[in-house]
Structures are given as structure tokens and as C-alpha cells.
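From first to last, the protein sequence lines are chains A and B.
Going by this note's numbering, 69 is the number at position 69 of the first sequence; the sequence numbering is gapless.
If you want this note's numbering, it's the 1-based position in the second sequence plus 182.
Honestly, the hints are just simulated from the structure, not real lab data.
Each hint should be verified, as a subset may be incorrect.
Claimed, not checked - Restraint-style ranges between C-beta atoms, simulated for each label pair:
hint : chain 1 : residue 1 : chain 2 : residue 2 : range
1    : A       : Glu7      : B       : Glu266    : 52 to 62 angstroms
2    : B       : Asn185    : A       : Asn92     : 13 to 23 angstroms
3    : B       : Met225    : A       : Lys69     : 34 to 44 angstroms
4    : A       : Lys69     : B       : Glu189    : 38 to 48 angstroms
5    : B       : Pro223    : A       : Ser109    : 34 to 44 angstroms
6    : A       : Met1      : B       : Met225    : 26 to 36 angstroms
None of the values given here were measured: they were computed from a predicted structure.
Note that beta-carbon positions come from the ideal geometry of N, C-alpha and C, so glycine has one too.
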Amino acid sequence: MNIDQLEDFLDDSGIIFLSYCGILTQNLISNMTDALEKETAMNNVSLSVSTNIFTIFVELSQNMMNYSKNTANSEDSFNPKGIVLVGYNEQNNSYYILSRNIVSIKDKSKILPKLENIKPMSRDEIKQEYRKLRRSGRDKHECGAGIGFLEIAKRCNAFDFKFNPLEDDKYQFSFQANINNK
Amino acid sequence: MNNLIIEETKYTPSINFDTQKGVFELIGKSYPENTFDFYKPMMDLVEEYFDGEEQEITTINMEIIYFNSSSSKLFFDFFDLVEEAHNDGKTIEINWIYDEENDSALEAGEDFQEDFENLKFNLVKK
């Protein structure tokens with residue numbers, strides 16, 4: 001293991017911190033959010049931008065946490081390993097939050113249409129859809145992509161996602177949100 | 183009727199519900215591991231409180247710095263209960279307190295204000 005190489009790579013990518021682990025816990029998420037708060041305060045990031053970073057980070061990590069909790073007991077062999085990271089892109093003066101985990105084909109079929117639906121929406125449309133869904137009580141339970149992705153879309157300047165097929169009807173789901181540091 | 187006091191943690195707000203004074207306060211961040219379980223005692227008490235004839239006037243002060251989407255849904259359900267009580271003739275005032283540099287908190291308050299037009303919903307700069 002060459003830690004110098006790893007550190008260079010993390011530095012070059014502007015990665016502020018990263019978690020690559022089996023199962024995310026609430027404690028881990030809250031400690032990382034804590035660290036993130038200190039980091040943004042140190043760099044004089046505005047409250048507006050930093051709360052958007054925290055919210056998206058929390059939303060993506062809790063998604064992953066809930067997902068691994070829900071699938072841990074299923075009969076399928078499930079690999080809960082996932083990555084979540086926050087970085088800063090100096091060139092664009094923007095922050096990025098990235099998550100990647102393994103999902104089943106069934107979950108892909110739930111997540112993909114939601115994201116494809118949100119992607120072309122304007123800021124105002126996202127806001128209206130968010131309020132409509134919140135009011136309707138659909139997807140009431142926090143597990144599963146209810147208004148979570150709309151919350152993220154509302155708070156970032158751009159997002160992107162992809163599903164890479166793995167074996168056994170599994171997919172690697174990657175999601176990235178960018179926030180301009182105004 | 184009992185009061186409800188819950189201390190603030192790194193990811194849950196402090197809750198202080200004084201049923202004798204009719205003052206309800208929620209301050210901090212909100213992203214519990216299980217939002218509905220965390221807020222259940224509060225929601226139960228709110229329901230019980232409005233069912234009774236305890237106080238003439240109720241003041242709700244909320245200062246939520248940031249929150250996850252399930253908390254957003256829960257706050258909506260909370261305001262829904264408040265609106266029901268308002269429609270039953272109760273006098274209720276909500277103060278949504280935000281830091282003037284926190285656009286997202288202001289926007290969240292504005293959205294709730296629009297969703298609950300019948301309520302006296304004030305946006306209060308800190």
C-alpha cells in the first residue's frame with residue numbers, strides 16, 4: 001500500500017473526505033457532517049452554500065445507510081460496500097458530493113425513472129414537484145427514494161448519475177451533485 | 183398535561199413543549215436515523231394538546247438550521263395538525279426563525295408559508 005500515492009491522488013482531486021466502508025452508521029454520518037462543518041467554516045464558505053452541502057451529503061449517506069439496512073436481511077447476497085465523498089473543484093470553484101453503491105435491478109427500476117423525471121426539470125418545476133409530493137403523503141417512509149432526490153436537486157446546481165451493470169442483476173449506482181461556491 | 187423536553191443532539195433538534203404556557207420550541211438540526219420514531223412523542227403530544235382546551239393562544243418557534251427530506255415531510259405533517267387545530271378555532275402563531283445568510287432555511291420557510299396559507303406563519307430573521 002502506497003499511502004503517498006493515495007494522498008497525492010486525494011489532494012489532486014480536492015477530496016475533503018471520503019468514506020469507503022461496509023455499512024454506514026448514523027454516528028459516522030453525523031461525525032463526518034461535523035468535520036464538514038468545520039471544514040467549510042475554516043474556508044469561509046457561505047452559510048447558504050454550506051447548508052446545501054450538508055443536506056445533500058446527509059441525504060445521500062442516509063440513503064446508502066438505509067439501503068444497506070434494508071437489504072442486509074434479504075436472501076440475496078448483498079455487498080453493502082459503498083463510497084461517499086465530498087470534494088472541492090478549484091477550477092470551477094465548486095463543491096461536489098459523490099456516492100456510489102450497489103443496487104439490485106429491482107431498485108434500479110425504482111430509482112432510474114425518478115431521476116430521469118427530475119433531470120430535465122427547471123428549478124421552479126423541482127420546487128413545485130417537491131411540494132406536491134410532500135403534500136400527497138406518497139413515499140411516506142424515509143427509506144426509498146421519495147422526495148430525497150428532489151431535495152438534492154433543489155439544493156445543487158447540477159447533478160448526474162449512472163448505473164453500471166455488474167453480474168447477477170446488480171448495478172453499480174453512482175450519483176454526483178455539484179454546488180457552486182458563490 | 184405533561185410537558186415535553188428533549189435535549190439537542192448532533193443530528194436532532196432540542197424540543198421544548200410547554201403545554202401550560204402554550205409555547206412550543208424546536209431548535210437545531212434535524213436528520214434523525216428514523217425520523218418518524220424520533221418525532222412520535224412530539225406528534226402524539228401535539229395531537230393530545232390540540233384535542234384538549236388547554237391554552238387560548240399557542241406560539242410555535244422553529245429554528246431549524248438544516249434538515250433531511252424525511253424531516254421536511256414530518257414538519258409538513260406537523261403543520262397539517264396545526265392547521266386542523268386552527269380550523270377548529272384555536273389561535274396559533276408560528277415563527278419560522280432563520281439566519282439571514284441561510285437562503286435555504288428562508289426558502290423552506292416560504293414554502294411552508296405558501297402551503298399553509300390559513301395559518302399565521304411568520305418568517306423571522308434572527
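Going down the list of hints, with the structure as the test:
In this structure the supplied range 52 to 62 angstroms holds for glutamate 7 (chain A) paired with glutamate 266 (chain B), their Cβ-Cβ distance being about 57 angstroms. For asparagine 185 (chain B) and asparagine 92 (chain A), the hinted distance range of 13 to 23 angstroms is not satisfied, since their beta carbons lie about 50 angstroms from each other. Checked against the given bound of 34 to 44 angstroms, the beta carbons of methionine 225 (chain B) and lysine 69 (chain A), roughly 23 angstroms apart, lie outside it. Between lysine 69 (chain A) and glutamate 189 (chain B), the C-beta spacing of about 25 angstroms breaks the proposed range 38 to 48 angstroms.
Taking 34 to 44 angstroms as the suggested C-beta distance range, the pair proline 223 (chain B) and serine 109 (chain A) conforms, at roughly 37 angstroms. Remark: the range hint 26 to 36 angstroms for methionine 1 (chain A) to methionine 225 (chain B) is contradicted by a beta-carbon distance near 50 angstroms.
The structure fails to meet hints 2, 3, 4, 6 from the earlier list, while all remaining hints are met.
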